[in-house]
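Turn these sequences into a full structure, and let the hints guide you.
There are 2 protein chains.
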Amino acid sequence: MTLRIDSADTDFEPLFQQLLDGKRESSQDVSDIVAGIVADVRKRGDVAVLELTNRFDRTHFASAADLRISEAEIDAAAASVTPEVRAALQTAHDRIKSHHEKQKPENQIYTDHLGVTLGTVWTPVDAVGIYVPGGLANYPSSVLMNAVPAKVAGVSRIAMVVPTPDGQIAAPILLAAKIAGVTEIYRIGGAQAVAALAYGTATIAPVDKVVGPGNAFVAAAKRQVFGKVGIDMIAGPSEVLVIADGSANPAWVAADLIAQAEHGAGARSILVTTEKGLADAVAAEVTRQIDTLPNPTHAREGWEEHSAIITVASLAEAVLLANRIASEHIELALDDPQSILGSIRHAGAIFLGHHTPEAIGDYVGGSNHVLPTAGTARFTSGLGVLDFMKRTSILGCDPSSLAALSAAAITLAEVEGLDGHGRSVSIRLNR
Amino acid sequence: MTLRIDSADTDFEPLFQQLLDGKRESSQDVSDIVAGIVADVRKRGDVAVLELTNRFDRTHFASAADLRISEAEIDAAAASVTPEVRAALQTAHDRIKSHHEKQKPENQIYTDHLGVTLGTVWTPVDAVGIYVPGGLANYPSSVLMNAVPAKVAGVSRIAMVVPTPDGQIAAPILLAAKIAGVTEIYRIGGAQAVAALAYGTATIAPVDKVVGPGNAFVAAAKRQVFGKVGIDMIAGPSEVLVIADGSANPAWVAADLIAQAEHGAGARSILVTTEKGLADAVAAEVTRQIDTLPNPTHAREGWEEHSAIITVASLAEAVLLANRIASEHIELALDDPQSILGSIRHAGAIFLGHHTPEAIGDYVGGSNHVLPTAGTARFTSGLGVLDFMKRTSILGCDPSSLAALSAAAITLAEVEGLDGHGRSVSIRLNR
Numbered sequence: 000m001t002l003r004i005d006s007a008d009t010d011f012e013p014l015f016q017q018l019l020d021g022k023r024e025s026s027q028d029v030s031d032i033v034a035g036i037v038a039d040v041r042k043r044g045d046v047a048v049l050e051l052t053n054r055f056d057r058t059h060f061a062s063a064a065d066l067r068i069s070e071a072e073i074d075a076a077a078a079s080v081t082p083e084v085r086a087a088l089q090t091a092h093d094r095i096k097s098h099h100e101k102q103k104p105e106n107q108i109y110t111d112h113l114g115v116t117l118g119t120v121w122t123p124v125d126a127v128g129i130y131v132p133g134g135l136a137n138y139p140s141s142v143l144m145n146a147v148p149a150k151v152a153g154v155s156r157i158a159m160v161v162p163t164p165d166g167q168i169a170a171p172i173l174l175a176a177k178i179a180g181v182t183e184i185y186r187i188g189g190a191q192a193v194a195a196l197a198y199g200t201a202t203i204a205p206v207d208k209v210v211g212p213g214n215a216f217v218a219a220a221k222r223q224v225f226g227k228v229g230i231d232m233i234a235g236p237s238e239v240l241v242i243a244d245g246s247a248n249p250a251w252v253a254a255d256l257i258a259q260a261e262h263g264a265g266a267r268s269i270l271v272t273t274e275k276g277l278a279d280a281v282a283a284e285v286t287r288q289i290d291t292l293p294n295p296t297h298a299r300e301g302w303e304e305h306s307a308i309i310t311v312a313s314l315a316e317a318v319l320l321a322n323r324i325a326s327e328h329i330e331l332a333l334d335d336p337q338s339i340l341g342s343i344r345h346a347g348a349i350f351l352g353h354h355t356p357e358a359i360g361d362y363v364g365g366s367n368h369v370l371p372t373a374g375t376a377r378f379t380s381g382l383g384v385l386d387f388m389k390r391t392s393i394l395g396c397d398p399s400s401l402a403a404l405s406a407a408a409i410t411l412a413e414v415e416g417l418d419g420h421g422r423s424v425s426i427r428l429n430r
Numbered sequence: 000m001t002l003r004i005d006s007a008d009t010d011f012e013p014l015f016q017q018l019l020d021g022k023r024e025s026s027q028d029v030s031d032i033v034a035g036i037v038a039d040v041r042k043r044g045d046v047a048v049l050e051l052t053n054r055f056d057r058t059h060f061a062s063a064a065d066l067r068i069s070e071a072e073i074d075a076a077a078a079s080v081t082p083e084v085r086a087a088l089q090t091a092h093d094r095i096k097s098h099h100e101k102q103k104p105e106n107q108i109y110t111d112h113l114g115v116t117l118g119t120v121w122t123p124v125d126a127v128g129i130y131v132p133g134g135l136a137n138y139p140s141s142v143l144m145n146a147v148p149a150k151v152a153g154v155s156r157i158a159m160v161v162p163t164p165d166g167q168i169a170a171p172i173l174l175a176a177k178i179a180g181v182t183e184i185y186r187i188g189g190a191q192a193v194a195a196l197a198y199g200t201a202t203i204a205p206v207d208k209v210v211g212p213g214n215a216f217v218a219a220a221k222r223q224v225f226g227k228v229g230i231d232m233i234a235g236p237s238e239v240l241v242i243a244d245g246s247a248n249p250a251w252v253a254a255d256l257i258a259q260a261e262h263g264a265g266a267r268s269i270l271v272t273t274e275k276g277l278a279d280a281v282a283a284e285v286t287r288q289i290d291t292l293p294n295p296t297h298a299r300e301g302w303e304e305h306s307a308i309i310t311v312a313s314l315a316e317a318v319l320l321a322n323r324i325a326s327e328h329i330e331l332a333l334d335d336p337q338s339i340l341g342s343i344r345h346a347g348a349i350f351l352g353h354h355t356p357e358a359i360g361d362y363v364g365g366s367n368h369v370l371p372t373a374g375t376a377r378f379t380s381g382l383g384v385l386d387f388m389k390r391t392s393i394l395g396c397d398p399s400s401l402a403a404l405s406a407a408a409i410t411l412a413e414v415e416g417l418d419g420h421g422r423s424v425s426i427r428l429n430r
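If you read the sequences in order, they're chains A and B. Be aware that the first sequence starts at 0, since it is given in numbering that gives the first Met the number 0, and climbs by one per residue. Be aware that the second sequence starts at 0, since it is given in numbering that gives the first Met the number 0, and climbs by one per residue.
Calculated directly from the structure, the hints in this document are not laboratory data. All the given hints hold, so there is nothing to weed out.
The list makes no distinction among identical chains, and a pair is therefore deemed to hold if it is satisfied within one copy or across any two copies.
Distance condition first, Cα-Cα at most 25 Å in a straight line; then the derived SDA-like pairs of lysine to any residue:
(1) Lys101 <-> Trp121
(2) Lys275 <-> Pro13
(3) Lys227 <-> Val46
(4) Lys96 <-> Gln107
(5) Lys227 <-> Asp28
(6) Lys96 <-> Glu415
(7) Lys96 <-> His112
(8) Lys42 <-> Arg323
(9) Lys227 <-> Leu320
(10) Lys101 <-> Thr379
(11) Lys22 <-> Pro205
(12) Lys22 <-> Ala282
(13) Lys103 <-> Thr379
(14) Lys96 <-> Glu70
(15) Lys42 <-> Leu18
(16) Lys42 <-> Thr202
(17) Lys101 <-> Gly114
The model shown is predicted, which means the values in this text are computed figures rather than measured ones.
Written out as structure tokens, the structure is:
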């Protein structure tokens with residue numbers, strides 16, 4: 000049932016366009032419910048957050064103070080994690096930190112030929128809120144990917160929220176938060192958690208920016224608090240595009256397609272290849288390998304419902320399709336990935352060659368795994384240090400450079416009908 | 000009626016907080032109306048855009064083809080602009096371009112000690128839509144400030160929309176678009192213009208990002224199309240904070256406060272000074288100067304309704320307040336602005352010393368005048384080249400670096416219950 004098309008097929012274009020346009024998420028409109036929750040949290044603060052948390056997460060917290068996870072609880076959870084997992088999280092943390100440190104921007108101040116001082120100064124956001132999915136989801140890597148760039152940016156306060164349905168929370172999540180330097184953790188989730196972070200309550204001080212993945216309620220809440228606080232892109236289902244030629248190993252490519260499909264919830268894997276033989280071999284391998292997974296359901300659904308194998312006449316054609324898809328992840332399963340790397344204009348992340356499965360980037364490569372999905376790589380980037388910093392412009396004139404610029408400024412102020420603007424310049428000219 | 004407070008007043012904190020929280024815009028909720036317009040444009044395309052334009056702008060266009068402003072019309076409008084205004088726009092353009100060219104980011108590729116290739120590659124957005132207010136508004140500087148960074152980023156297609164109520168359009172706007180290299184201009188506005196840019200019609204190809212200021216309908220439409228396309232920050236009323244000591248010239252400070260207040264629509268000017276005498280002198284000067292404006296209404300309203308003079312004991316105290324306000328513009332009317340520049344953490348743009356009225360930055364300084372308002376400088380930046388580019392991560396392993404990272408990656412995949420992820424690594428290890 001996986002779509003299989005060739006770029007020479009007469010019906011290729013409509014089928015490819017259908018693949019691009021196909022909805023992979025149920026677009027449940029929860030915006031009214033979320034608006035009610037946000038308004039409630041703004042009005043009643045802690046009381047609302049406590050009530051909503053106990054109701055939605057089936058918990059029995061007596062007071063808002065219970066919503067914060069104590070240092071002792073964090074330490075106990077951290078101590079319960081095996082040494083192997085602890086070492087893996089530390090490795091991931093250190094590599095993510097090291098790579099993100101290279102993203103720190105430099106301030107720039109210069110004086111131009113007129114004597115005007117111009118500049119750009121970068122400063123960190125003061126406080127950031129990180130949303131972490133809870134319950135069955137146990138994604139400590141997501142904690143690292145959101146918290147480490149903020150820490151590297153110089154954010155002094157990182158507040159994490161994670162729902163604990165039926166009181167459950169996975170210990171590795173708390174350990175990851177501890178390793179990353181999260182400053183406070185609250186056991187709350189959903190729209191109420193996003194509203195509490197954005198507007199603050201007596202217990203939870205407001206933050207300046209909210210990041211992290213969540214369900215439809217979380218996404219709608221982020222959209223609604225946007226403007227009061229900053230937010231990251233609203234994430235859609237994960238996806239990979241593998242571009243392969245005859246040099247690719249079909250079993251390896253199949254494993255990568257399955258790894259993406261197993262995310263479920265509309266996840267998609269697309270193979271674009273110049274080799275029909277490879278396409279056939281990969282299709283067979285995917286079917287074979289899925290059957291050997293302990294939990295094949297998600298992978299099978301993602302592969303059969305949302306995925307595709309596309310054969311093309313050349314790598315140049317593959318690049319054209321890649322730029323239309325603007326995939327979150329692109330793997331170049333080629334002996335010479337550099338030959339087409341420079342032609343790919345839109346991608347969240349690109350993985351080079353046969354020995355770079357995307358999963359390395361999910362965990363320990365060092366680059367960020369929070370990446371633009373659903374074609375949004377056309378206009379946005381993965382999460383990074385710059386998302387937790389902001390630029391302030393600097394402008395400085397002395398009497399002579401002000402005089403040099405004054406005529407043009409006054410003329411434009413007149414054109415725009417802003418007399419006060421013109422006067423603020425002319426009053427300094429003593430004429 | 001302008002608020003006048005001293006940081007030593009017993010009621011300072013509630014009054015200052017009230018100033019921070021005070022609403023300066025009517026928050027008309029037009030989201031339902033806008034949702035209807037966006038859906039209509041998605042469904043009926045050009046037909047809807049044409050109907051809505053003729054209705055809201057009182058125009059009589061016969062077909063969608065008429066909505067595009069022709070090259071001949073642009074050239075005729077451009078030729079009608081005086082040489083003085085043309086020269087001023089060219090000066091502004093050249094300085095904005097020159098400064099923004101320094102913002103272009105560098106690609107970065109390196110190999111770490113394990114042999115892992117990591118990198119960051121920047122690419123421009125393909126197509127950008129710029130919203131320009133029309134009718135009575137004649138702000139060619141806004142065209143330059145939005146279009147030039149996109150052009151510098153390498154955006155190949157820049158589509159501008161500007162409503163022409165009763166068929167009116169100001170010639171300098173078309174000249175500015177021509178100078179800036181805008182590739183196409185449509186005489187449409189409101190939510191229908193934003194929807195047409197985001198989703199495309201038969202006449203208007205869709206863009207990847209929509210930027211530019213607009214009324215409540217435009218703002219609501221941008222919020223609704225966010226995700227389908229990128230958007231810039233939703234702009235609020237303009238504002239300036241002047242920090243002055245005894246070295247400041249009260250007439251100059253007053254002129255700057257008036258220049259900001261004359262924007263109307265909730266614009267705000269705040270003076271924070273260590274000198275009570277300066278505060279008195281500036282208050283008197285503002286009143287005197289406003290009376291001599293050709294059109295004093297907006298300036299008087301902005302000054303009396305939304306503005307404030309605050310006296311403080313020290314410049315350090317002024318900085319504390321500045322960081323709470325997070326103003327769009329900050330002027331440091333001091334002999335030694337460098338003494339506190341480094342302490343200001345949140346500001347859209349900072350203007351140094353007595354000879355840098357904010358209006359220079361509005362037009363010809365070279366820095367961008369599209370800046371974060373209403374405290375959003377806490378988490379976001381003014382418009383710049385990076386807003387029209389996006390980062391792609393690059394990751395590359397060879398067999399040896401993959402082997403070095405494999406144990407940690409497989410462990411984390413197991414923790415997260417993603418067996419397919421682990422296998423995509425282990426299958427490459429020949430074990």
